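Visitor: When you get a sec, could you build the whole thing from the sequences and use the hints?
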Amino acid sequence: MTVQQRYRPSVDDLARVAVARRAGRIRSLVIAAVLIVVLAALAVVALILGDRVVAPGDVLSTLFGGGSGGDRFVILGLRVPRLLLGLMVGAAFGLAGAVFQSLLGNPLASPDIIGISQGASAAAVGAILLAGWSGLAVSFAAFGGAVLVAGLITVLAARHGVAGSRFVLIGIALAFLAQAAINFMLTRSDVRDAQSALVWLVGSLGTVTSEELTSTAVGLVVLVLALALVSPRLRMLQLGDEAATGLGVRVTPARLVITLIAVGLAAVATAAAGPVVFVAFVSAPIARRLLGGTGPALVVSALVGALVVTGSDLIAQHAVSGLQVPVGIVTGIVSAPVLLVLLARSNRSRGTA
Amino acid sequence: MLTFARPATRTLGFIALLVVVLLSAGASLLLGSRSIDVTSVLDAVFSRGTGSVEQMVVLDLRVPRTIIGLVAGAALGLAGALMQGLTRNPLADPGLLGVNAGASLAVVTAIAFFGVTAPSGYVWFAFGGAALAAALVYAVASGRTGPSPLSLTLAGAATTAVLTSFITLILLRDLDTLAQFRFWSVGSLVGRDVSTVATLAPFLVVGSVTALLLGRSLNSLALGDDVARGLGQRVGLTRIVAGAAIILLCGSATSLAGPLVFVGLVVPHIARRFVGADYRWILLWSMPLGAALLVIADTIGRLIAPPSELEAGILVALIGAPVLIALVRGNKAVTR
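Taken in order, these protein sequences are the chains called G and C. Note that the first sequence covers residues 1 to 353 in this note's numbering. Note that the second sequence covers residues 354 to 689 in this note's numbering.
These are calculated hints, taken from the structure and not from any lab test. Here the structure is a predicted model, which is why all the values come from computation and not from measurement.
Sample of chain C residues at the chain G side, in silico, Cβ under 8 Å:
#1 Pro443
#2 Ser504
#3 Thr506
#4 Leu528
Across the chosen pairs, the derived CB separations fall in these ranges:
#5 C/Gly683 - G/Thr245: 21 to 27 Å
#6 G/Arg72 - C/Ala658: 53 to 59 Å
#7 G/Thr245 - C/Thr552: 56 to 62 Å
Away from chain C, derived, C-beta distances all over 12 Å, residues of chain G:
#8 Ala20
#9 Asp51
#10 Gly69
#11 Asp71
#12 Phe140
#13 Ala217
#14 Leu229
Every residue gets a Cβ at the ideal spot worked out from N, C-alpha and C, and that includes glycine.
Guide: Below you can see the structure in the form of structure tokens.
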């Protein structure tokens with residue numbers, strides 16, 4: 001423990017802190033701007049490419065109300081919805097991962113590890129294999145599964161306050177239970193049905209409907225607004241519960257609200273596209289390493305998540321001609337090596353990460 | 354609550370634990386969808402048999418799965434304890450090192466591209482895949498001083514994600530492979546080849562002995578790298594040796610029984626609950642605890658819905674998850 005001292009920072013020190021803060025803010029603005037430019041470029045490419053390649057000029061005129069009937073159908077009916085869903089799902093996963101990881105202070109605390117994705121998956125696989133559901137009904141089942149698991153974790157972890165690692169451990173236990181249920185259903189079902197369940201299990205943007213798009217958008221807007229309201233408290237909670245209390249945060253309710261928002265983000269995204277593998281886990285570490293800081297890095301995490309999903313979906317659609325790969329396969333193959341390279345580099349430069 | 358904090362009671366507790374292992378092995382031989390009385394089981398085991406159906410059931414079905422359960426469970430429990438000590442992370446599971454994903458990808462490759470159909474043919478693929486994946490994770494996570502706990506965990510999760518993506522890619526394109534693979538990947542003790550235990554025995558023995566000798570090193574490692582170094586510990590060397598032992602143990606267990614999760618995570622927590630934070634004892638206790646957990650899970654799986662069975666991998670989760678949750682809830686020390 002540090003000795004309490006009456007310390008007055010000199011004017012010099014304060015100036016240095018201000019300069020450092022401004023440099024950090026400029027850096028994160030620059031990085032966010034770069035990410036947005038890259039995202040925009042990807043979006044344009046995503047609208048141009050496909051079985052029917054549309055010229056950039058025609059894309060623009062179609063977007064602003066013109067264009068031929070065929071172009072209108074391909075772009076407004078197929079590519080724009082898919083692109084929007086990818087952006088929203090990616091951003092939601094990126095945010096959910098970033099919030100969980102900073103709230104619980106553990107890099108393993110992303111929804112794909114603490115059981116929320118598995119709960120959604122078990123419910124969805126059950127809906128597909130046992131009840132024979134499809135489409136929007138599966139999405140609702142997934143949402144319910146995610147919320148159920150999150151509720152169970154919160155209830156079971158609530159003892160002497162909801163401590164971070166207790167939350168994560170109980171989540172992992174429930175993840176294994178859900179995974180066992182999935183394995184059970186996969187081995188007992190017809191192998192063809194198992195394969196279609198597998199497509200859902202990796203996450204795909206292939207079958208987007210306008211209802212899905214609307215419900216995802218509404219959910220996302222509400223949750224992002226709520227997150228923006230509580231994000232200052234998240235920063236304070238990161239300093240430790242005592243420090244946060246000292247700063248006037250009521251720790252337990254604040255934690256609960258932030259957890260609910262993160263669960264909602266993960267559940268909305270999973271319901272829309274399936275548990276797109278690894279996006280929630282990887283976005284915040286990549287964002288934090290880009291920024292070089294330790295804060296929650298919410299905006300940049302969301303951008304990284306959107307970038308990972310959109311870029312991966314482009315690759316998934318066009319890398320192998322004639323073969324549509326679910327986006328979740330590509331996110332794993334693409335984003336995990338990025339994390340590995342970042343890790344290897346930071347290990348070389350610092351000795352240990 | 355019952356604890357075994359003093360050395361004398363720890364030894365007594367360990368002996369009691371061995372009795373539990375023996376009892377669970379006995380139950381595994383005795384119980385199943387066909388009820389067989391004790392004398393027939395004893396006759397079969399001590400080969401006084403007359404070749405009756407009962408004795409064949411015991412010898413050909415129950416003895417192999419009991420042996421595989423004991424060996425794989427002990428190896429996984431020990432590897433899990435080693436892993437948690439090495440990474441100083443109570444959430445660490447051998448699976449996080451990429452072991453299960455590596456073994457799974459190798460087995461999928463064996464089925465899809467080399468036409469291997471029998472589980473006994475998977476063994477070397479599984480072992481090689483597990484070892485390669487773990488070595489890759491280790492190499493990526495290692496800086497100049499060996500891997501830090503955080504980068505090891507992240508690298509393991511990342512590697513698992515890549516490998517799982519490739520597995521899914523193959524499975525989505527190849528229905529026959531999926532049909533076979535799903536029964537291997539659920540983690541079961543049925544239909545595995547018991548002679549692989551003998552084949553893998555050298556790896557298992559070397560891995561176990563090495564692991565058990567590392568208790569003191571893990572104890573000082575638990576105080577942090579700097580303190581460990583101050584105590585005269587060669588941290589980098591410890592990490593490499595422990596990593597090699599984990600690879601041997603997990604690779605063998607996964608080759609034997611498939612990618613069984615959760616044993617390695619939950620067993621060290623149970624051990625810690627009884628013997629405290631001393632890794633010499635946690636390691637020692639984790640072996641019989643893992644063996645008992647897996648064999649009991651397998652036995653219950655046989656009894657729960659006769660005549661069909663639930664795989665051990667599923668039962669381990671059904672038993673292990675509530676145990677872990679209860680342990681976590683009861684432990685006030687688990688905070689941030």
